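J.: Sequences listed follow chains A and B, in order.
The first sequence: position 228 = 227 (numbering that gives the first Met the number 0), numbered continuously.
The second sequence: position 241 = 240 (numbering that gives the first Met the number 0), numbered continuously.
No wet-lab data here; the hints were simulated from the structure.
Predicted, not measured: the structure shown is a model, and the values here were computed from it.
Where is the CB? At the ideal position from N, CA and C, for every residue including glycine.
Be a bit skeptical, because a hint or two may be false.
The following label-pair restraints were derived from C-beta to C-beta distances [said to hold, decoys possible]:
#	chain 1	residue 1	chain 2	residue 2	range
1	B	A72	A	V239	49 to 59 Å
2	A	I269	B	Y213	51 to 61 Å
3	A	I198	B	M174	30 to 40 Å
4	A	D271	B	M174	50 to 60 Å
5	A	L78	B	P256	34 to 44 Å
6	B	S235	A	I198	36 to 46 Å
7	A	V239	B	F133	47 to 57 Å
8	A	Y160	B	T51	49 to 59 Å
One-letter residues, chain by chain:
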Amino acid sequence: MGWIVSHQFSILTIVLIFFPFILPYKALATNIIIFGLLVMAFNILLGFVGLLSFCHAALFGAGAYAMGILLVNFKVHILLGLLMSSVVGGLVALIFGTFVIQRVGIYFGLLTLAFNQIAYFVIYGMRNLTGGDSGLRGIFRPDLPLGFFTLPLGSELIFYYFVLFWFLLSAFLIKRMADSSFGKVLRGIKENEMRAEAIGCNAKRFKLVAFVLSGILAGLAGALFAIYVKFVSVDIVGFVMSGEVVMMALLGGVSSFYGPLVGSAIFLLISDILSGYWERWMLLMGLIFILFVMFFREGVCGWFEDLFEKYVGKRKMI
Amino acid sequence: MALIISQVLNGITLGVIYILLALGLSIVFGMLGIVNFAHGAFYAIAAYFAYTFTMHLGNFWLALVVIPVLMGALGIGVEFSILRRMYDKEPIYQILLTFGIAFVVQEVITIFWDPMAKSLPPQLPGIIDLGFMFFPKYRLFLVVLTSGIVFLAWLFIEKTKYGSIIRAGTENSPMVNCLGINISAVFTFVFGFGAYLAGLAGVLSAPIRSLKPYMGWEILVTTFVVVVIGGMGSLSGALIGGILIGLAQCLTSLVWPIGTNIIIFILMAIILLVRPYGLLGRT
Numbered sequence: 000m001g002w003i004v005s006h007q008f009s010i011l012t013i014v015l016i017f018f019p020f021i022l023p024y025k026a027l028a029t030n031i032i033i034f035g036l037l038v039m040a041f042n043i044l045l046g047f048v049g050l051l052s053f054c055h056a057a058l059f060g061a062g063a064y065a066m067g068i069l070l071v072n073f074k075v076h077i078l079l080g081l082l083m084s085s086v087v088g089g090l091v092a093l094i095f096g097t098f099v100i101q102r103v104g105i106y107f108g109l110l111t112l113a114f115n116q117i118a119y120f121v122i123y124g125m126r127n128l129t130g131g132d133s134g135l136r137g138i139f140r141p142d143l144p145l146g147f148f149t150l151p152l153g154s155e156l157i158f159y160y161f162v163l164f165w166f167l168l169s170a171f172l173i174k175r176m177a178d179s180s181f182g183k184v185l186r187g188i189k190e191n192e193m194r195a196e197a198i199g200c201n202a203k204r205f206k207l208v209a210f211v212l213s214g215i216l217a218g219l220a221g222a223l224f225a226i227y228v229k230f231v232s233v234d235i236v237g238f239v240m241s242g243e244v245v246m247m248a249l250l251g252g253v254s255s256f257y258g259p260l261v262g263s264a265i266f267l268l269i270s271d272i273l274s275g276y277w278e279r280w281m282l283l284m285g286l287i288f289i290l291f292v293m294f295f296r297e298g299v300c301g302w303f304e305d306l307f308e309k310y311v312g313k314r315k316m317i
Numbered sequence: 000m001a002l003i004i005s006q007v008l009n010g011i012t013l014g015v016i017y018i019l020l021a022l023g024l025s026i027v028f029g030m031l032g033i034v035n036f037a038h039g040a041f042y043a044i045a046a047y048f049a050y051t052f053t054m055h056l057g058n059f060w061l062a063l064v065v066i067p068v069l070m071g072a073l074g075i076g077v078e079f080s081i082l083r084r085m086y087d088k089e090p091i092y093q094i095l096l097t098f099g100i101a102f103v104v105q106e107v108i109t110i111f112w113d114p115m116a117k118s119l120p121p122q123l124p125g126i127i128d129l130g131f132m133f134f135p136k137y138r139l140f141l142v143v144l145t146s147g148i149v150f151l152a153w154l155f156i157e158k159t160k161y162g163s164i165i166r167a168g169t170e171n172s173p174m175v176n177c178l179g180i181n182i183s184a185v186f187t188f189v190f191g192f193g194a195y196l197a198g199l200a201g202v203l204s205a206p207i208r209s210l211k212p213y214m215g216w217e218i219l220v221t222t223f224v225v226v227v228i229g230g231m232g233s234l235s236g237a238l239i240g241g242i243l244i245g246l247a248q249c250l251t252s253l254v255w256p257i258g259t260n261i262i263i264f265i266l267m268a269i270i271l272l273v274r275p276y277g278l279l280g281r282t
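Kindly generate the complete structure, drawing on both the sequences and the hints.
T.: In structure tokens, the structure reads:
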């Protein structure tokens, strides 16, 4: 069974290629990997550095609004749009990060929450650019010119593979980062920040880099979301959205590489199924979340990895 | 000038509500080491209870007595049944648990009361002549009552035997336990007391604010700002922070209406950079 561990990335790719066909509709698969990317970005902070961020809605929203504004006002090339939105996500993270990484523990969480609210009210107030509370309208999904032919992103399936490309690229980068010395330093900071400082690593600088990286990927996810729904509502910058990201991460498992994707899939599948029957499905989601916090803190993936380790005896799949 | 004075008075009215909330949040943090994300939810559901109670029984003043006690009981129930199982876990999971509770409470509000904004008929209608300006009676009552409650809470915590147990528990709870005091009962009581104060703030603000299911989240974030500015776990910090934020919001609305919501976060960022543990917090 060792090949599962060594070929896990290829297996993930194959599973995700067939993913849209096992779901009730293809757009749901797109939604799941977009949020999987966002939660993965979020989990760079929680999983590696142990920082609980409540501002990922703002970083996601920054990318979404950047993409929307660039498309509506300047009709930019889709790839340029994605690039610039990621940069915007990274810049916002740099601004937030400069302040929030000064503090640790709960103060970090509360500061990120405050910055999320600043972003919310700024976007809400900039009516001319963002549309305020009526949202940003008129976003379209441009086709992707590839020189000799044009990829029609209007097709839900082709758009899914387009998003999947970005998801896998980001996942690959995060995985490489996790195995690199940079990733090891981050984990060292999580285990014992004072000791990491004592052996000469500038913990704050490492945290800031992780924060900006997280912001870039969250911005990318936001940009993909903007062309996925072709509309940006100010709700996606709200505090509740940040909370949902936290929920997804915990459901999937924060100490596992695949946790964010699994968490996003569980959350969105449950919401898709339940919201058809009951408008207040979030109540059930909240109760499930409380149960996870109390009894399954390792999440679905953590639980699965424990089983895997117990019966197959291989190292964990991180 | 009259406009500024009236905004200062409005700021104080707003500030005393923040003080009530920050006091509860701060005591719970100081004692239990938990940042209670469900604090705003207690406030919100108390306001909705007050609405239904007043609409059906026609007596707001009875609601003001009964509902905070009910919220205190709810707080005690939550601490006793779930929260105490989390004390030995990482702080992040304690935050997430209270976050989940807040989520559930907010959904319960939307289920039992529809999402449409509601408002309670004004209580104590009429205005009072302060000599230099007129001031709504209810707001004056609010300021006087809250000041009284804050004073009593201060007396209780600083001057009574039970208060000294709470203060000692804030410093070193295992030691207090060793001295033969049932610290887990004290924890339960403190959490209930925090919920009581949140309930009181909720009922008191019901007649002057419109009720929305999201009101708990909104006030929670503001209360965090108040507590972080004043210093986590500091009672006098809650007083100063509450008044400061109330005034900042009302005075900003004179010159920069959109900035009302932003100014408090800017204030918080500046204060945290200059004094990392808040105005009166300790390291």
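J.: Now tell me, hint by hint, if it's right for this structure.
T.: Checked hints:
no., hint, in the structure
1, A72(B) - V239(A): 49 to 59 Å, "28 Å, violated"
2, I269(A) - Y213(B): 51 to 61 Å, "22 Å, violated"
3, I198(A) - M174(B): 30 to 40 Å, "34 Å, holds"
4, D271(A) - M174(B): 50 to 60 Å, "52 Å, holds"
5, L78(A) - P256(B): 34 to 44 Å, "40 Å, holds"
6, S235(B) - I198(A): 36 to 46 Å, "40 Å, holds"
7, V239(A) - F133(B): 47 to 57 Å, "40 Å, violated"
8, Y160(A) - T51(B): 49 to 59 Å, "52 Å, holds"
This entry does not satisfy hints 1, 2 and 7, going by the numbered hints stated previously.
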